[in-house]
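Engineer: Required output: the full structure, derived from the provided sequences and hints.
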Amino acid sequence: MKIRKRDLVNKIMILQIGCVLFLGLVYSYYPWTGVLSYFPDVLNFVLLICMIERMKQGIKIEYMWLGLFIMYVAISMLWGDMNSYYIVSNLRRYVTAFIIYFVASEYMTTYYLKKGLNLMLVAQGINAIVTVYQNLVLKLHPDYCNGIFGFKTYNNAMQGIFCLIISVVAMVYFIDKKWSVYKMIYAIGTSCLICAFAEIKAYYVLIVIAFIVTIFLRCNDEKIRKKIFSFMVIGIILLLIAYKVLEIVLPENLSSFFSISQYIDYEKYGAHGGAGRLTSISYIYKNDFNRDIFKTLFGCGLGGAEHNYVYTIGKLFASFGSVGILLFLCWVAYMCVRRFKTIKYSSESLISIIILVMIIVTLFVWNALFTQVVFFIFWILGAHNVRTDLVTNELKADNVQKKYSKGKLV
Numbered sequence: 001m002k003i004r005k006r007d008l009v010n011k012i013m014i015l016q017i018g019c020v021l022f023l024g025l026v027y028s029y030y031p032w033t034g035v036l037s038y039f040p041d042v043l044n045f046v047l048l049i050c051m052i053e054r055m056k057q058g059i060k061i062e063y064m065w066l067g068l069f070i071m072y073v074a075i076s077m078l079w080g081d082m083n084s085y086y087i088v089s090n091l092r093r094y095v096t097a098f099i100i101y102f103v104a105s106e107y108m109t110t111y112y113l114k115k116g117l118n119l120m121l122v123a124q125g126i127n128a129i130v131t132v133y134q135n136l137v138l139k140l141h142p143d144y145c146n147g148i149f150g151f152k153t154y155n156n157a158m159q160g161i162f163c164l165i166i167s168v169v170a171m172v173y174f175i176d177k178k179w180s181v182y183k184m185i186y187a188i189g190t191s192c193l194i195c196a197f198a199e200i201k202a203y204y205v206l207i208v209i210a211f212i213v214t215i216f217l218r219c220n221d222e223k224i225r226k227k228i229f230s231f232m233v234i235g236i237i238l239l240l241i242a243y244k245v246l247e248i249v250l251p252e253n254l255s256s257f258f259s260i261s262q263y264i265d266y267e268k269y270g271a272h273g274g275a276g277r278l279t280s281i282s283y284i285y286k287n288d289f290n291r292d293i294f295k296t297l298f299g300c301g302l303g304g305a306e307h308n309y310v311y312t313i314g315k316l317f318a319s320f321g322s323v324g325i326l327l328f329l330c331w332v333a334y335m336c337v338r339r340f341k342t343i344k345y346s347s348e349s350l351i352s353i354i355i356l357v358m359i360i361v362t363l364f365v366w367n368a369l370f371t372q373v374v375f376f377i378f379w380i381l382g383a384h385n386v387r388t389d390l391v392t393n394e395l396k397a398d399n400v401q402k403k404y405s406k407g408k409l410v
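Quick note, in the working numbering, the sequence shown goes up one by one and the last residue is 410.
Keep in mind that a hint or two might mislead.
What the hints assert, rightly or not - Only pairs whose alpha carbons sit at most 35 Å apart, straight line, appear in this in silico DSBU-like list of lysine-lysine:
# : residue 1 : residue 2
1 : Lys115    : Lys244
2 : Lys114    : Lys5
3 : Lys60     : Lys344
4 : Lys244    : Lys11
5 : Lys11     : Lys183
6 : Lys114    : Lys244
Calculated from the structure, these hints are not laboratory results. If you're wondering where the values come from, they're calculated on a predicted model, not measured in any experiment.
Structural biologist: Dropping the structure here:
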């Protein structure tokens with residue numbers, strides 16, 4: 001039986017997401033299964049072949065921007081510490097991000113988007129149960145209550161990003177009348193509960209920011225203003241419930257919600273060497289780069305430099321300098337401009353813009369962008385093309401119709 005390439009690519013991506021969702025928990029109980037964590041990367045070779053073949057038809061500017069950043073990352077190993085282990089282990093995440101985004105944008109269909117989201121929703125229900133169990137029964141510290149992502153190591157960032165992606169999709173789909181109120185409450189409610197028991201406070205700030213972005217981009221549509229108000233009411237209730245859970249789980253850290261000075265004091269627990277969420281760039285510039293202009297521009301190169309820091313912004317700046325960060329931000333900015341043109345017609349374009357904004361914020365909040373979570377982030381970013389092609393065809397048809405009408409009137 002002949003296997004369609006599009007189906008094969010989508011099934012591989014769904015399989016990769018499934019592996020990332022559940023292998024962490026399996027590894028916590030059976031450490032010998034750790035080798036399976038590389039299975040999604042092995043599948044990337046098949047996707048790479050499909051990607052190269054697709055490139056023969058041409059390559060879009062958005063791929064070129066991201067590709068330029070990945071190429072710069074690879075070239076930077078020339079002025080790095082030449083640590084082969086870190087070069088390979090780090091580079092595979094950057095390359096994975098490009099591969100997943102490219103094939104998701106080019107091959108994803110509505111059917112597989114729904115299938116992937118349904119898998120995530122099922123996983124989130126299991127995730128909520130396991131997280132609560134880890135906290136209340138196993139009595140683990142909240143930092144190790146990572147649900148399906150395991151409990152042997154600190155993994156709050158992956159947990160937080162996964163909850164954030166599900167919540168953003170639920171918010172937009174509910175407002176755009178694609179998901180029911182019950183499905184939305186389930187998705188965001190479980191996410192709020194999980195982040196309360198895992199003490200992921202940043203999630204609540206990020207989801208509020210995501211809602212503000214949504215209001216800004218959707219409030220001019222009178223048809224969905226009632227939906228926005230409904231979501232606001234439900235969201236406030238869910239956040240209040242989550243806050244009460246946080247009061248029980250770890251009340252001593254809640255003060256950082258309401259005071260900038262206390263938040264800064266809280267951050268002094270210091271990530272590595274004093275480079276906290278708000279001080280990574282200044283700390284690296286003064287203490288690691290010693291104000292050297294070359295290092296400030298180009299960083300220390302791909303290798304072990306990033307492992308001295310906790311948060312993504314520190315890792316990127318230490319490794320690739322200002323040039324590397326600027327290249328990445330250029331891709332993000334270009335993506336936002338491109339997606340903005342179709343947000344009126346496409347829920348997926350709106351989701352893409354919100355996720356891109358969240359990426360910028362989470363650079364400073366978590367170490368989550370270029371880790372295993374790339375399979376979630378860049379897959380959902382690639383979903384924009386599911387509706388974009390349809391929207392483009394509709395706009396072209398409208399333009400043709402207008403020209404035809406004008407011709408008849410003349």
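Engineer: Each hint: holds or not?
Structural biologist: Evaluation of the provided hints:
no.: 1; hint: Lys115 / Lys244; verdict: 34 Å, holds
no.: 2; hint: Lys114 / Lys5; verdict: 19 Å, holds
no.: 3; hint: Lys60 / Lys344; verdict: 22 Å, holds
no.: 4; hint: Lys244 / Lys11; verdict: 40 Å, violated
no.: 5; hint: Lys11 / Lys183; verdict: 24 Å, holds
no.: 6; hint: Lys114 / Lys244; verdict: 33 Å, holds
The structure does not agree with numbered hint 4 stated previously, though it agrees with all others.
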